[in-house]
Amino acid sequence: MQLFITGWAKKAFFEVQEYVKLCVALARAATSRPFYYRDVVEQLDAVGVGSLTVVLLTGGFTGAVLALQSGMTLDQFGARSVVGRLISASMIKELGPVLTALMVTGRVGSGIAAELGSMAVTDQLNALRALGTDPVRKLALPRVIAGVVMVPILTVISDFVGIVGAWITTVTQLRVASSVYWNSVVMGLYIQDIWMGLIKPVFLGFALVSIACFVGMRTTGGTQGVGRSTTQAVVAGSVAVLVLDFIITKLLISLLY
Amino acid sequence: MGTPTPLESRLSRVKTPGEPIIVFERVFLAFGDNVILKDISFELRAGFTKIFLGASGAGKSTILKLILGLLKPQTGKIWVNGVRVDTLSESDMMKVRDDVGMVFQEGALFDSLSVRENVGYKLYEESDMDLNDVHRRVEEVLGWVELEEHIDKMPSQLSGGQRRRVAIARAMTFQPRILLYDEPTTGLDPITSITIDDEIVKLRDIEGVSSLVVTHQLRDAFWVAERMAVRGPDGKVQIVPASPEKLAQTEFVMLRDGLIAFEGTASELRANNDPYLQLFLS
Ligand SMILES: Nc1ncnc2c1ncn2[C@@H]1O[C@H](COP(=O)(O)OP(=O)(O)OP(=O)(O)O)[C@@H](O)[C@H]1O
Ligand SMILES: [Mg+2]
Numbered sequence: 001m002q003l004f005i006t007g008w009a010k011k012a013f014f015e016v017q018e019y020v021k022l023c024v025a026l027a028r029a030a031t032s033r034p035f036y037y038r039d040v041v042e043q044l045d046a047v048g049v050g051s052l053t054v055v056l057l058t059g060g061f062t063g064a065v066l067a068l069q070s071g072m073t074l075d076q077f078g079a080r081s082v083v084g085r086l087i088s089a090s091m092i093k094e095l096g097p098v099l100t101a102l103m104v105t106g107r108v109g110s111g112i113a114a115e116l117g118s119m120a121v122t123d124q125l126n127a128l129r130a131l132g133t134d135p136v137r138k139l140a141l142p143r144v145i146a147g148v149v150m151v152p153i154l155t156v157i158s159d160f161v162g163i164v165g166a167w168i169t170t171v172t173q174l175r176v177a178s179s180v181y182w183n184s185v186v187m188g189l190y191i192q193d194i195w196m197g198l199i200k201p202v203f204l205g206f207a208l209v210s211i212a213c214f215v216g217m218r219t220t221g222g223t224q225g226v227g228r229s230t231t232q233a234v235v236a237g238s239v240a241v242l243v244l245d246f247i248i249t250k251l252l253i254s255l256l257y
Numbered sequence: 001m002g003t004p005t006p007l008e009s010r011l012s013r014v015k016t017p018g019e020p021i022i023v024f025e026r027v028f029l030a031f032g033d034n035v036i037l038k039d040i041s042f043e044l045r046a047g048f049t050k051i052f053l054g055a056s057g058a059g060k061s062t063i064l065k066l067i068l069g070l071l072k073p074q075t076g077k078i079w080v081n082g083v084r085v086d087t088l089s090e091s092d093m094m095k096v097r098d099d100v101g102m103v104f105q106e107g108a109l110f111d112s113l114s115v116r117e118n119v120g121y122k123l124y125e126e127s128d129m130d131l132n133d134v135h136r137r138v139e140e141v142l143g144w145v146e147l148e149e150h151i152d153k154m155p156s157q158l159s160g161g162q163r164r165r166v167a168i169a170r171a172m173t174f175q176p177r178i179l180l181y182d183e184p185t186t187g188l189d190p191i192t193s194i195t196i197d198d199e200i201v202k203l204r205d206i207e208g209v210s211s212l213v214v215t216h217q218l219r220d221a222f223w224v225a226e227r228m229a230v231r232g233p234d235g236k237v238q239i240v241p242a243s244p245e246k247l248a249q250t251e252f253v254m255l256r257d258g259l260i261a262f263e264g265t266a267s268e269l270r271a272n273n274d275p276y277l278q279l280f281l282s
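Protein sequence lines correspond, in order, to chains L and X.
For what it's worth, my numbering labels the leading residue of the first sequence as 1, then goes sequentially.
For what it's worth, my numbering labels the leading residue of the second sequence as 1, then goes sequentially.
Don't take each hint at face value.
So the derived label-pair ranges between C-beta atoms look like this [unchecked claim]: (1) X:S112 to L:R228: 20 to 26 Å; (2) X:R231 to L:V24: 48 to 54 Å; (3) L:Y37 to X:G160: 32 to 38 Å; (4) L:D45 to X:E148: 27 to 33 Å; (5) X:P190 to L:M1: 58 to 64 Å; (6) X:S112 to L:E18: 21 to 27 Å; (7) X:T87 to L:V20: 20 to 26 Å; (8) L:W8 to X:D39: 31 to 37 Å; (9) X:G187 to L:T6: 41 to 47 Å; (10) L:F35 to X:E149: 46 to 52 Å; (11) X:V240 to L:V24: 53 to 59 Å; (12) L:F35 to X:S282: 54 to 60 Å; (13) X:E149 to L:L242: 23 to 29 Å.
Subject to a maximum C-alpha distance of 30 Å in a straight line, what follows is the list of computed DSSO-like cross-link-like pairs (lysine-lysine) [stated by the list, open to error]: (14) X:K72 to L:K10; (15) X:K38 to L:K11; (16) L:K138 to X:K153; (17) X:K72 to L:K21.
These are calculated hints, taken from the structure and not from any lab test.
Note that CB positions come from ideal geometry on N, CA and C, so glycine has one too.
With these hints in hand, go ahead and build the complete structure from the sequences.
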């Protein structure tokens with residue numbers, strides 16, 4: 001049993017060490033030439049535009065259901081009219097960033113792991129190196145940049161759609177006047193909340209994409225290995241998003257408020 | 001540094017034909033407890049050819065990857081083009097790779113890129129060459145392997161043999177002086193195999209490339225060893241039976257249990273009566 005635990009700890013430590021190495025290589029690649037512009041543009045499109053539909057849907061329905069639930073709770077205090085406050089605060093600070101990051105992990109993280117994974121098992125990564133290209137520079141960096149840029153943008157879109165979704169249920173189901181809702185949305189917002197809502201997704205985007213690249217590039221064991229890597233990227237990415245969200249929230253609360 | 005050893009002084013003359021361009025010295029490599037190469041020493045001389053034979057899993061692909069620095073040995077020394085590569089960092093390795101082309105076992109074509117982009121990859125992405133010159137070079141090379149009409153297809157639209165030829169084209173576009181072929185004809189019909197063997201022979205004899213060929217197909221191995229390419233009076237390249245000195249420039253290497261079990265020319269291989277070798281030859 002003890003042997004099992006130390007073995008496991010050693011393996012985990014080794015994985016973390018390798019992941020840190022990848023992050024260092026990414027930093028080095030970001031600050032030196034050559035830089036593959038075309039791949040960055042391609043990835044911005046793939047990550048951003050590709051995830052738009054799913055982010056719109058989750059944002060909208062989350063906002064809508066949040067309004068319904070909050071309305072019920074607030075009714076107990078006869079405070080239905082302040083539903084907007086709750087919506088804007090929770091959407092912008094928490095649900096927007098986390099749900100967007102989770103959806104992007106599912107959609108983009110899995111795709112990256114599968115793509116890089118199949119390149120790894122068919123020797124395409126080796127072929128890149130043989131032709132003088134560093135796979136971290138050519139494949140991982142553009143994807144990570146796309147994640148860091150697009151996840152915050154998608155988060156803002158999701159926040160907005162969520163608040164609109166909540167507005168629709170508030171007006172139609174809860175029968176609260178439009179102006180009351182929007183007033184309360186604005187009232188509930190502080191500048192710190194907006195900062196928090198913008199800073200978080202930058203880190204979440206970095207984490208989820210870099211983990212997907214890490215898992216993908218280390219794939220071994222043929223097509224079966226690719227499947228394993230895809231699952232791993234989604235599981236590890238989602239857990240990392242949630243854990244990191246907690247850590248960053250804690251940190252930002254002590255820094256901003 | 002003291003006086004150079006005989007090997008070192010020969011390595012310094014690496015640009016001259018006949019001098020060693022790839023040298024393995026007592027190379028040992030294991031994946032975990034799985035020992036793949038126990039003690040491998042050999043020399044490939046500039047302009048010469050070595051053909052590696054060995055059962056599946058004998059470590060043939062591993063040797064090619066060691067040459068490119070894609071893997072590092074646990075002990076032993078490897079020189080490529082006069083540079084010691086077993087201790088070289090990945091970024092310094094890139095310069096060595098500029099002179100080595102590799103045809104991977106399954107081709108390893110980039111499936112998100114077209115045939116043109118695959119073949120011209122190194123020139124498009126890693127050189128300052130003028131785009132028009134790159135286009136021209138890519139078309140020229142695809143002409144060599146007779147695939148001009150497929151230039152705008154994606155790798156998934158090609159047959160296995162065509163993919164193999166695109167992989168050869170990709171390895172030769174940047175005119176490396178060393179070419180490594182990992183089972184270039186496995187799984188192909190005899191006719192297509194021969195066209196690939198002819199490419200290897202042409203590159204060796206017309207372009208002066210040093211080659212290292214891994215194969216299971218003895219027919220192809222002997223074809224490469226016992227033919228040579230010459231330019232006829234009309235300037236066309238012809239494949240003819242090899243002259244005695246050409247024959248002497250191709251050596252066979254048999255890998256077995258992590259060691260080199262046999263090393264010699266085609267006729268020596270045929271004459272050898274080691275039972276394992278005979279089993280392999282039959
Ligand atoms: N990355 C790796 N990790 C662990 N083991 C590996 C790795 N690469 C190769 N091996 C093992 O090394 C051995 C030699 O592999 P290699 O690919 O060199 O064989 P080969 O001689 O090319 O065989 P084949 O003719 O089937 O291509 C195999 O047993 C393989 O399982
Ligand atoms: Mg092999």
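Distance restraint hint 21 to 27 Å, applied to the beta-carbon atoms of X:S112 and L:E18:
holds (26 Å)
Hinted pair, alpha-carbon criterion (30 Å max): X:K72, L:K10. Please report holds or violated.
With a Cα-Cα distance of about 23 Å, the restraint between X:K72 and L:K10 holds, given a limit of 30 Å.
Is the hinted pair X:K72 and L:K21 satisfied, with a Cα-Cα distance of at most 30 Å?
holds (18 Å)
Quick one: are L:W8 and X:D39 within 31 to 37 Å, going by C-beta?
holds (36 Å)
Consistency of beta-carbon spacing, L:V24 to X:R231, with hint 48 to 54 Å
The hinted range 48 to 54 Å holds for X:R231 and L:V24, with Cβ atoms some 52 Å apart.
Is L:K138 close enough to X:K153, meaning Cα to Cα at most 30 Å?
holds (23 Å)
Pairwise hint evaluation, L:K11 against X:K38, where the allowed Cα distance is 30 Å at most:
Between X:K38 and L:K11 the Cα gap is close to 27 Å, so the pair holds against 30 Å.
Take the C-beta atom of X:T87 and the C-beta atom of L:V20, compute their distance, and say whether it sits inside 20 to 26 Å.
Holds: the Cβ-Cβ distance is about 24 Å, inside 20 to 26 Å.
For the range 53 to 59 Å, tell me whether the beta carbons of X:V240 and L:V24 fit it or not.
This hint holds: roughly 55 Å between Cβ atoms.
Between X:G187 and L:T6, is the Cβ distance one that fits in 41 to 47 Å?
Check passed, 45 Å falls within 41 to 47 Å.
Look at the Cβ atoms of L:Y37 and X:G160 and judge whether their distance stays inside 32 to 38 Å.
Given about 35 Å between the Cβ atoms, the range holds.
Within 20 to 26 Å or not, the Cβ separation of X:S112 and L:R228?
holds (22 Å)
Hints 10, 13 from the earlier list are contradicted by this structure; the remaining hints agree with it.
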